[in-house]
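Asks: These are the residues of each chain, in order.
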Amino acid sequence: MNATFTGLELRRVFRDYVSMFFIAVLPAFFYLIFGAAQSFGSEDAGNGNVSMYVMISMAAYGAVTATTGIGGMAAVERMQGWGRQLGLTPLRDSGYVLMKAVVAVAVAAIPITLIYLLGSLTGAEGSGGAWALSALIVFAGAAVFALYGLVFGLAFRSEAAVSAASGSLVILAFMGNIFFPLSGTLLTMAKFTPLYGYVSLARYPVTEGYLVNTSDGTATHEALWVSVLNVSVWAVIFSLLAVWLVRRGRARQ
Amino acid sequence: MHTTTTTPAAIELRGLVKTFGSPGGALVRAVDEIGLTISPGEVVAVLGPNGAGKTTTLDMVLGLTAPSAGTVAVFGAEPRRAVMAGRVSAVLQTGGLLRDITVRETVQMIASTFPEHAGVEEVISRAGLTSLAGRKVSKCSGGEQQRLRFALALLPDPDLLVLDEPTAGMDVSARRDFWDTMHADADAGRTVVFATHYLEEADAFAERIVMIAGGRVVADGPTAQIRSQATGRTVSADLPQTDAAQVLARLRSMPQVMEATTQGHRVTVTSGDSDAVARALLGELGASNLEIASGSLESAFMTITAAPDRDARTEQEVAR
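Chains as they are written, first to last, in the numbering used here: chain W, 1 to 253; chain C, 1 to 320.
Fair warning: there could be bad hints in the mix.
[As the list claims (entries may be wrong)] A partial selection of chain C residues facing chain W, derived with a Cβ cut-off under 8 Å: (1) 62; (2) 64; (3) 68; (4) 83; (5) 90; (6) 92; (7) 96; (8) 97; (9) 100; (10) 105; (11) 108; (12) 112; (13) 113; (14) 114; (15) 257; (16) 258.
[To be verified] Calculated lysine to any residue pairs in the SDA-like style (CA-CA distance at most 20 Å, straight line): (17) C:139 x W:11; (18) C:139 x W:81; (19) C:136 x W:14; (20) C:136 x W:13; (21) C:139 x W:159; (22) C:136 x W:191; (23) C:139 x W:13; (24) W:191 x W:209; (25) C:136 x W:7; (26) C:139 x W:82; (27) C:136 x W:81; (28) C:136 x W:17; (29) C:139 x W:80; (30) C:139 x C:104; (31) C:136 x W:6; (32) C:139 x C:102; (33) C:139 x W:16; (34) C:136 x W:16; (35) C:136 x C:111; (36) C:136 x W:80; (37) C:139 x W:17; (38) W:191 x W:180.
Hints listed in this document are in silico derivations from the structure and should not be mistaken for laboratory results.
Just so you know, even glycine gets a beta-carbon here, dropped at the ideal spot from N, CA and C.
All chains, please: the whole structure from these sequences, using the hints.
Replies: What follows is the structure, given as structure tokens:
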């Protein structure tokens with residue numbers, strides 16, 4: 001583990017104000033608008049209240065924006081020649097991946113910390129277990145989306161593609177039941193999209209699997225395996241795509 | 001500098017082959033059985049047209065690409081080991097830099113990967129970048145970025161420095177600046193191998209030239225010898241008013257003469273031994289107004305590198 005290298009990588013990300021806006025400021029703002037400022041924010045939702053439910057959703061959105069961007073940029077940097085420069089140093093591929101992973105986790109921690117802090121100050125309430133466990137799941141699940149960014153970077157080889165990947169998260173977040181509670185056909189479709197399983201798992205400590213239908217107020221229960229299966233399948237898909245793209249890139253060398 | 005009791009070659013290539021699959025499915029031999037030994041302390045230019053296999057060969061020397069066949073040894077070790085030990089480093093033609101960090105940060109980053117390295121400020125100053133150290137890489141010119149790559153290459157204090165077209169795309173003054181920097185830093189005993197398009201660079205900086213064309217070594221020798229090998233020197237003189245055809249026949253019968261032509265009274269002879277030709281012309285043939293011109297490296301280059309094209313083997317045949 002190379003502290004100087006990792007530190008400089010971190011400094012690079014923090015200096016990129018545009019990215020930091022989308023990673024931390026925007027999701028925090030979303031939380032304040034859709035969570036804290038709403039009259040129903042203090043209503044009960046399982047092991048917490050609605051504000052907490054929105055807080056977890058927005059923290060998850062910020063965290064995946066961070067990891068997608070870092071995963072994507074790592075792929076693009078390596079292919080644009082930085083990989084050749086690093087090939088002239090004793091740094092191994094595994095060491096490089098480890099440092100990027102540390103950076104991704106550190107950066108994902110920013111929106112999580114910021115939004116959880118805002119949550120605690122603006123009326124998000126829940127059991128201690130729900131706070132801790134949800135934060136942990138948001139962290140761990142965000143790692144899967146480093147692979148999502150990596151796939152975009154490997155496939156399209158440009159910074160623009162990485163921006164597109166981060167941008168596409170907005171759509172995936174809508175379709176994945178993050179921003180707005182879906183119901184009916186949309187909810188059925190949502191269960192197949194990549195962010196659905198992740199955010200459902202993160203909210204599970206609060207909701208224990210209950211989904212509230214926004215039109216009639218009835219609650220339905222969804223088994224835990226639905227979210228777990230969703231996350232697992234998408235993790236496998238992203239991993240296979242990443243491996244295939246790395247092999248394709250190597251054959252071209 | 002590292003010291004060794006026995007001194008293996010700086011670079012030892014044996015039967016080196018690299019094939020690539022092309023989109024059409026045929027195999028392309030980018031490097032086709034290159035054998036080459038470069039001793040410690042040599043300054044060698046690798047010359048060749050685009051697509052000759054220079055970069056691919058140097059990539060294999062640096063362990064960035066694995067050979068399809070043959071062996072590479074750098075100071076007797078596997079290339080990747082030599083890189084890990086800091087014995088070899090390079091200025092790459094397409095070595096990407098991170099655009100959003102400063103010159104100093106780039107040097108710090110690469111320095112941190114070496115267990116032992118030269119000082120960050122020291123290499124920045126040796127590459128002439130002290131005044132630019134705080135500048136973002138994206139704001140540096142092509143020549144400045146190349147000097148930064150040079151600074152990075154100095155970090156491990158390598159015994160072998162590989163430069164792959166270090167001045168490609170620079171204007172004349174930037175090229176001169178770059179080579180001045182290189183020279184100012186010329187450590188006695190450091191082996192330098194550089195690929196270039198610019199013949200004058202090879203002429204001015206290399207003791208030895210290796211010409212590569214079509215993935216093969218087509219010429220290898222001291223710079224002066226390569227220059228004479230292809231075209232030799234041209235000797236021209238005015239012929240006396242006798243039978244020009246007879247003089248031409250006499251010249252062409254000489255073993256040292258490669259080519260002899262006449263234009264009016266003036267004869268032009270290309271030869272590897274201009275002294276013998278001059279002696280014959282001025283002596284027995286009674287010629288006057290003799291001039292001897294040295295063959296340019298440019299024409300040597302054209303003559304030598306054009307050769308493999310003439311008996312161009314189709315790649316499909318090779319692949320089969």
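Asks: Could you run down the list of hints and mark each one as holding or not?
Replies: A quick look at each hint next to the structure:
1. 62: Hint on residue 62 of chain C: holds, closest Cβ of chain W at ~6 Å, below 8 Å.
2. 64: holds (5 Å)
3. 68: Hint on residue 68 of chain C: violated, closest Cβ of chain W at ~12 Å, above 8 Å.
4. 83: holds (6 Å)
5. 90: Holds: closest Cβ of chain W sits about 6 Å from residue 90 of chain C, inside 8 Å.
6. 92: Holds: closest Cβ of chain W sits about 6 Å from residue 92 of chain C, inside 8 Å.
7. 96: OK, holds: residue 96 of chain C within 8 Å of chain W, min 2 Å.
8. 97: holds (7 Å)
9. 100: Hint holds; residue 100 of chain C Cβ to chain W Cβ min 6 Å, cut 8 Å.
10. 105: Because about 6 Å separates residue 105 of chain C from the closest Cβ in chain W, which is inside the 8 Å limit, the hint holds.
11. 108: At about 6 Å, which falls below the 8 Å cut-off, the nearest Cβ of chain W leaves the hint on residue 108 of chain C intact, so it holds.
12. 112: holds (4 Å)
13. 113: holds (4 Å)
14. 114: Since the shortest Cβ distance to chain W is 6 Å, the answer is holds.
15. 257: violated (48 Å)
16. 258: violated (42 Å)
17. C:139 x W:11: Roughly 19 Å between the alpha carbons, so the hint for residue 139 of chain C and residue 11 of chain W holds.
18. C:139 x W:81: Holds - the C-alpha atoms of residue 81 of chain W and residue 139 of chain C are around 18 Å apart, at most 20 Å.
19. C:136 x W:14: holds (16 Å)
20. C:136 x W:13: holds (15 Å)
21. C:139 x W:159: holds (18 Å)
22. C:136 x W:191: violated (45 Å)
23. C:139 x W:13: With a Cα-Cα distance of about 19 Å, the restraint between residue 139 of chain C and residue 13 of chain W holds, given a limit of 20 Å.
24. W:191 x W:209: holds (13 Å)
25. C:136 x W:7: holds (17 Å)
26. C:139 x W:82: Holds, because 17 Å separates the two Cα atoms, which is no more than 20 Å.
27. C:136 x W:81: It holds: about 18 Å lies between the C-alpha atoms, which stays within 20 Å.
28. C:136 x W:17: holds (16 Å)
29. C:139 x W:80: holds (18 Å)
30. C:139 x C:104: Within the cut-off at roughly 13 Å; holds.
31. C:136 x W:6: Roughly 19 Å between the alpha carbons, so the hint for residue 136 of chain C and residue 6 of chain W holds.
32. C:139 x C:102: With Cα atoms ~9 Å apart, residue 139 of chain C and residue 102 of chain C stay inside 20 Å; holds.
33. C:139 x W:16: holds (16 Å)
34. C:136 x W:16: holds (13 Å)
35. C:136 x C:111: holds (18 Å)
36. C:136 x W:80: Since the Cα atoms of residue 136 of chain C and residue 80 of chain W sit roughly 18 Å apart, the hinted pair holds (cutoff 20 Å).
37. C:139 x W:17: holds (19 Å)
38. W:191 x W:180: holds (14 Å)
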